[in-house]
Structures are given as structure tokens and as C-alpha cells.
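Sequences listed follow chains A and B, in order. Numbering-wise, the numbering used here comes out as the position in the first sequence, counting from 1, plus 75. Each step along the second sequence adds one to the number in the numbering used here, with nothing skipped, and position 126 is 110.
Worth double-checking, as some hints may not be accurate.
The calculated SDA-like cross-link candidates involving lysine to any residue, where the alpha carbons are at most 25 Å apart (straight line), are [what the hints assert, rightly or not]: (1) B/Lys251 / A/Lys357; (2) B/Lys31 / A/Lys321; (3) B/Lys31 / A/Ala339; (4) B/Lys238 / B/Gly213; (5) B/Lys238 / B/Arg288; (6) A/Lys357 / A/Ala385; (7) A/Lys357 / A/Asn369; (8) B/Lys251 / B/Phe73; (9) A/Lys352 / A/Leu98; (10) B/Lys31 / A/Asp417; (11) B/Lys251 / A/Asp417; (12) A/Lys321 / A/His230; (13) B/Lys306 / A/Asp417; (14) B/Lys251 / A/Tyr412; (15) B/Lys251 / A/Ala413; (16) B/Lys251 / A/Ile423; (17) A/Lys127 / A/Pro197; (18) A/Lys224 / A/Thr211; (19) B/Lys251 / B/Asn263; (20) B/Lys251 / B/Arg288; (21) A/Lys352 / A/Glu96; (22) B/Lys238 / B/Asp281; (23) B/Lys251 / A/Ala385; (24) B/Lys31 / A/Tyr412; (25) B/Lys306 / A/Arg420; (26) B/Lys306 / A/Ile423.
Computed far set for chain B versus chain A, every beta-carbon distance over 12 Å [to be verified]: (27) Arg1; (28) Gln58; (29) Leu203.
These are computed hints drawn from the structure, not numbers from a lab. Remember, predicted model here, so these are calculated numbers, not experimental data. Ideal placement from N, C-alpha and C gives every residue a C-beta, glycine not left out.
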Amino acid sequence: MRETVFKTEIGLTHYLSADGEPLGELPGWSHEPEPLTGYYRWMVLARQFDQKAVALQRTGQLGTYASSLGAEAIDVVTGHLMTPEDILVPYYRDHILQMIRGTPMCDLLLYWGGDERGNASPGMGRDLPNAVPIATQTLHAAGVAAALKYRHQPHATVCLCGDGATSKGDFAEALNLAGVWHLPLVMIVNNNQWAISVPRHLQCAAPTLAQKAIAAGVPAEQVDGNDPIALHEVVEYALQRARAGKGPTLIEALSYRLSDHTTADDASRYRGPDQLKEAWRKEPLRRLRQYLVNLGYWDESRERQCLDEAQQQVQRAVEEYLSTPPEPVESMFQYLYAEMPDQLRDQIEMARVRGGGDL
Amino acid sequence: MNESICLLEAVNLALARALEDDPEVILFGEDIGHNGGVFRATDGLAKRFGAHRVVDTPLAENMIAGTAVGMASQGLRPVVEIQFMGFIFPALEQLISHAARLHHRTRGRLSCPMVLRAPYGGGIHAPEHHSESTEALLAHIPGLRVLIPSSPARAYGMLLGAIRCDDPVIFLEPKRIYRASKTLVEDSGAALPIDRCFTLREGAALSLISYGAMIPECLAAADNLAERGIDCEVIDVASLNPIDYDTLLASVSKTGRAVIVHEAPGKGGVGADISAVLNEQLWGQMRAPVMRVTGLDTVMPYYRNEQHYLPGVSDILDAVDKSLEAGRNEILQATGSG
Ligand SMILES: Cc1ncc(C[n+]2csc(CCOP(=O)(O)OP(=O)(O)O)c2C)c(N)n1
Ligand SMILES: [Mg+2]
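I would like the entire structure built from these sequences, with the hints used as guidance.
Here is the structure:
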């Protein structure tokens, strides 16, 4: 005799069509102007910031930059639902989320401009800096969540990573621990369908990435990552669970990387224009704008004003960034240990001389 | 076919030659197939040799290294790419605990003829974790061969040597000079030795010992010194494990002076190792203490300050002057007291 011992299913939450039309009954709150118009304003700002950052890189004024184009809804909604006491463990595509958490744009530009002071932003609180080595942050997030739990603090840890990151052992290890230790962790996978040039289907043979959590005994949800209403519902549910001591949740947010991987990449080498065109049809800004326009909460003049304000805000940050002098050379040694060992002091002068610098 | 190519193209040429010559060679790594690698080292190879021989993997370095060990144990010759040296660390367990020891602990019953390639080093304004030089960590491991080419011809010949070698080889590519200069490289299929230094310039005054992206800096320093009538020997160490001490000792016993240059931190570095051996073997023949010009003992700064970290020609010249000066003082003292 053979009996079924385990069965599962993964749900996909979505409320809006690509054109911002309701797909069915919407949650009550989504009929109000807030928070959705607020979300939209941030998404506009996000896109202005992103455009400017790419332009700065192209003109040699910023280093290699990872664009957030297409990830706006995930970051904006998550950023708004987190409390200041929740802890963010971001990855390198989460500038907008960091901005909403309180990191000034100038500090974000400093970071991408090759300056560690960007990671020192007081606006970051106890959030972690973004992790460059893929998926390593998922384990930090488990540790952060374990610290919250150990201290009986009713807050959530929110961790983000990409679809590629789910292939690394770190990701499985973090989920496994979160399950066993029942950690207050919300793990959000921004499944933007690409890990540089590697498409989703070459990353994993499973039909969803969400189901990886099931193996760890962690509840998992898919959500349309371009649909702010759906994101709001699913992320809020997971945050409440975490804060109430009900354990971790994995959210696979389905999105699309509308940009090159970074400014160092040329995506036209490996993906065709049709897929990209189709993805643009589903993108989050247009979708939310349509929805808000249909409800009468948004119009041309608001759009123009919002855009103007966003551009001015970005411009001010860029000016501040460009006029920030480089960090003094001794900073290379100052923070390596809690106190600088004497042995390193001798090297400060060497560093000053190098590069012909006189800092 | 003779062509003027850069170091990056030479890597590509050697990989193509190896794929052509030996059906047991298989390439895999992140973004190396369709995209041809983020630096284009494998450009065109998937198309030419097929997606079964030039394979895009899921994102997981430990998986890449571990499966390479498994394939190699069965006699295939996997040549895998780690996208940047900064992402080698998840693979270290497989490299240190397995690749380096398989032949040894099975007393030769199995071997591990794999090559793991990775670009390394600073100076290209890269993101955090993309500019380090941690070759000493790897050169410290008995059983691993660690190679670093510094010219297109040596990249071609040493990579072919690495692929044909029956040991696990870490092949580190100095990305700062990937496209720095083009030279004629004959696609002869001939490998270069992978356990020899290369003497790039002969001279009697002093031995400049270096590898990787610091070689062009050393050659520039040597040019500068030649104008002052000082002829330096410039040696490319090329193999950091094992190190060809015979060539180094022969050079330094001739010149009596050595300046070792690398961009990795000095602490525990390859230069410290070479310096110790020169000291042990040539005590009494040295005319000046061995000098080192290295990266600083701190985290590689994010790019805005990286030029303050990396050694350059003037740092090398300063060290050379100190070495020559030290020698002179001693000679004066010797004549004074004699
Ligand atoms: C451990 C590690 N390996 C490789 C890289 C190089 N790399 C940077 S981003 C990336 C792809 C990541 O894809 P995904 O996780 O889907 O995130 P996305 O960039 O698409 O948002 C790779 C391979 C890295 N940063 N860290
Ligand atoms: Mg991705």
C-alpha cells in the first residue's frame, strides 16, 4: 500500500491586469487614494533616480550601477509596510527600499560612486548594507531574525534577493534554519526572470521558486511583483505573521528586469526585443497609474507636478553627491578594527603618497 | 594563424584550442555560454562547440567547484570559470578539502585535472568585492597549482599547460591588463611550462620580481632605470605554487638585490614567501635587504580611493633606490673598514 504523506500548493496573488483593471474583487483599502497614490509618487521618484544614476555612470560620474527598473513596486510597497523597528537586509537592487527606510539619495549615489561612506548613512539605522556576494545576506537575515527572537522583540526581518540567488546553498540554509527556529523572517525573492544572462529556466527546474521554502517547512506565496495591491496584501500578511511570532514566510515576487543587469552589461546579447516589449506592457508604474486614473485619483497635471518634484529632488541629491570631496585616505585603515593597530599607522603615509594624491 | 591579440583574447584562443583538441575538455560557469562571460573570455565558444561543452550553470560557486572535482575524478578535464576572484570563497571547501587532496589521499588512484579560472585584481573602478587579490590564500594550499599570466602569449601557453596538467590548477587572470596591449600570438597549440618563472628582461643591477598586472609596472620602472644606466632584471614569477626558486635564486645571486612587487597585501603574501627563501639561500651574497612593494594591509578600498592602495611605478622606483642605496652604504663601510 502506498499513501500520500504530503501535498502542497503554491498560490499566486494578483489583483490588477497589466492595464490596471481589477481582475476580481479588490481589498477595501485599495479603493482609497492612500496609500496607493503615495506608492505611485515613490515609484516615479524611483524611476527618476534610476534614470539619473544610469546617466551619471554613462558620463563617468558614477561606478557600475545596478538599475532598479522594473523592481519599483516590490521595493516601494515593502518599504512602506516595514516599521522603523523592522530590520532590512537588502540586496544590491534595493536602492528605493533603502531610500524609503531613510537613506538620503546622496548617500546611495556615494555608495555607487565607489565610496564606502554610502554604507555609513545614519538613515540606515541597524539595517545591513547591501550584500554584493550573492545570497550571503540570506544567512545574515536568519541571524538578524534570530537576534530579534532571542530578545523577544516583536519585529520582522525583511530580506531580499534575486532568482539567481535561490540556487546558492546559502538560500536553502537560511530557509532551513528559519523553518526549524521559527524565525520572524520575511524572505522576498525578486524573480526578475534573469540572473545576468542566465534565464529563469536554467536556474531551477521547479515550476516555482516559492516551493523551495516548502521543503524547509516555510509557508510560501507567489505574488505579481508588478501589482502594488497584491504586493501590499501578501507582504503585509507575512510581516504580521513574523511580528506575531508565527514564523517565516517566503514571497516569490514575479517581476522582470527591464534594464541591463548593470551598466556593465549589454542584455541585447542574450535576450530578444519581443520579451522585453511584452515585459514593458506589464510594468508596475503604468499599471498603477491607469488604476489611479480610472478612480479619478490621478491626472495629467498631478503627473507633471509629481515628475517635476521628483526631478528636482534627484537633481539636488546629484549636486550634493558631485560636490562631496573624496574620503580622506586614512579612512582606508581607520575602520578596519575597533581601534587602529599601530602597525597600520605606518601605512597611512604610504597610501597618501600612492596615486599621486595629497589628501 | 598568427594574430595580434590581447590577454583576454589569448585566453579565449587557448580555450578554443583545448576544446578543439580534446573532447574531454568541458567548460562551465556563470554566464559563460550565450553571453560569452562577463568579460567575454568565452565569447563565441558556446556557439562553436555547443551548449553541452560550454555550459551556463545555475548561480552557485560551491556547486561549480564541487562538480568539477567530480568530473575530474572520472578523467574529464573541466575548465570552470568563477566570475570574479571575490566569489571564489564559497568554492574554497571543495578546492582545499577535495581538489587539492584527491590525488594525494587516494595515493594516485584518482586525480583531479581541473582548471578553475577567475579574473582578479584592482584598478578597473569595479564594485565592492570585485578588485581583491587573494592569491596568497590559494598559493598556501599544498596540492593546488596557482598560475597568473601577465602577457597574451603567456596566457595562451600557460592556460594550455594548465588544462593538460593532471593537477588542479587555479588560473588567475589579471583583469586590469585584459585588454592593455596586443601582441602576436601563434595558435600553435604549444603549451608553456607551468612551473617556471619567465625572465622578461636581463640585467645585473637588481632583480625585480613580480607577477600579474604589476609586471607592466615593473617593466616601465625598468625602462626608467635603464635611462639612468641601471639595468634591472625583470622576472615574472607566473607560477605562485610551486614557485620556481631556481630561476629566482640564480638571478638574485647574480644581482645581489631584489625588489618584489605585488598588489596583494604584504602581510602573509607571496612576496614574504619569496623574500624568506632568498634570505635563507643567499645569506652572505646579498648586497641589500630584500625589499617588497605591495598592496596595503587593509581591505581593498572601493574604487574612489583604490589608486591610493595599488602600488605604481614610482613606488617601485623608490624601493629600487633604497635597495641600491643600502648596497652602496655597505660597500662604503666595507671599503672604509678594510
Ligand atoms: C557569489 C557571487 N557569484 C557571482 C556574482 C556575480 N553576479 C552578480 S549579480 C549576478 C546575478 C544575480 O542574479 P539574481 O540573483 O537573479 O539577481 P538580479 O541581479 O537579477 O536582481 C551574478 C552572477 C556575485 N555577485 N556573487
Ligand atoms: Mg534575477
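| query | Taking only the CA atoms, is the gap from B/Lys31 to A/Tyr412 under or equal to 25 Å? | reply | With a Cα-Cα distance of about 49 Å, the restraint between B/Lys31 and A/Tyr412 is violated, given a limit of 25 Å.
Need the status of pair B/Lys251, A/Lys357: alpha-carbon distance at most 25 Å?
53 Å, violated
Query raised in the report: Beyond 12 Å from every Cβ of chain A: is that where the Cβ of B/Gln58 lies?
Result: 23 Å, holds
**Item:** Given pair status - A/Glu96, A/Lys352, alpha carbons within 25 Å
**Value:** 20 Å, holds
| query | Between A/Lys357 and A/Ala385, is the straight-line Cα distance small enough, at 25 Å or below? | reply | 23 Å, holds
**Satisfaction of hint between A/Ile423 and B/Lys251, Cα-Cα up to 25 Å** = 15 Å, holds
For a C-alpha distance cap of 25 Å, please report whether B/Lys251 and A/Tyr412 respect it.
Between B/Lys251 and A/Tyr412 the Cα gap is close to 16 Å, so the pair holds against 25 Å.
message: Holds or violated: B/Lys31 and A/Lys321, Cα atoms, limit 25 Å.
response: 51 Å, violated
Check: Taking only the CA atoms, is the gap from B/Lys306 to A/Arg420 under or equal to 25 Å?
Finding: It holds: about 21 Å lies between the C-alpha atoms, which stays within 25 Å.
Take the C-alpha atoms of A/Lys224 and A/Thr211, compute the straight-line distance between them, and say whether it is at most 25 Å. Distance ~21 Å between A/Lys224 and A/Thr211 Cα, so the pair holds.
Restraint check for B/Lys31 with A/Ala339, where alpha carbons must lie at most 25 Å apart: 23 Å, holds
Handout entry: Pair hint outcome, B/Lys251 versus A/Ala413 [Cα-Cα no greater than 25 Å]
Key = Between B/Lys251 and A/Ala413 the Cα gap is close to 19 Å, so the pair holds against 25 Å.
Of the numbered hints listed earlier, those contradicted by the structure are 1, 2, 5, 10, 22, 23 and 24.
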